[in-house]
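Student: Taking the hints into account, I'd like the entire structure generated from these sequences.
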Amino acid sequence: MKITLVKKITLDGNLCKKCEEVQQKMEESGQMDLIDEVLIADERDPSSAGMELASLYHVERAPFFLVEREGEAPEIH
1 MKITLVKKIT LDGNLCKKCE EVQQKMEESG QMDLIDEVLI ADERDPSSAG MELASLYHVE
61 RAPFFLVERE GEAPEIH
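Counting from 1, one number per residue, gives the positions in the sequence shown under the numbering used here.
Simulated from the structure, these hints should not be mistaken for laboratory data.
Hints may be right or wrong, so weigh each one.
Derived DEER-like restraints, expressed as beta-carbon distance ranges [said to hold, decoys possible]:
#	residue 1	residue 2	range
1	His58	Met26	20 to 30 Å
2	Ser55	Gly13	16 to 26 Å
3	His77	Ala49	12 to 22 Å
4	Gly71	Glu21	14 to 24 Å
5	Val67	Glu21	14 to 24 Å
6	Met26	Tyr57	17 to 27 Å
Derived lysine-lysine pairs resembling BS3-like cross-links, with alpha carbons at most 30 Å apart [claimed, not checked]:
#	residue 1	residue 2
7	Lys7	Lys25
8	Lys7	Lys18
9	Lys2	Lys18
Note that the structure is predicted; figures quoted are calculated from it, not measured.
All C-beta atoms in this analysis are idealised placements derived from N, C-alpha and C, irrespective of residue type, glycine included.
Tutor: Right under this line is the structure:
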């Protein structure tokens with residue numbers, strides 16, 4: 001299983017507040033150890049890895065998680 005966390009950088013260049021809060025809570029609880037990859041959806045760059053992933057899966061809010069299990073369709077949480 002692979003878990004990807006996608007965080008957003010807003011048009012003003014700052015990390016979104018909710019993304020900061022979620023990451024902090026995950027770090028405090030040790031859950032960041034379960035994350036295999038962290039991508040940035042930079043609103044200023046539509047070709048950023050996170051923006052492309054959001055577009056591919058029709059996700060409009062961040063943060064979000066992409067969970068990939070072998071032999072199964074990816075899940076967005």
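Student: Flag every earlier hint the structure violates by its number, smallest first.
Tutor: 4
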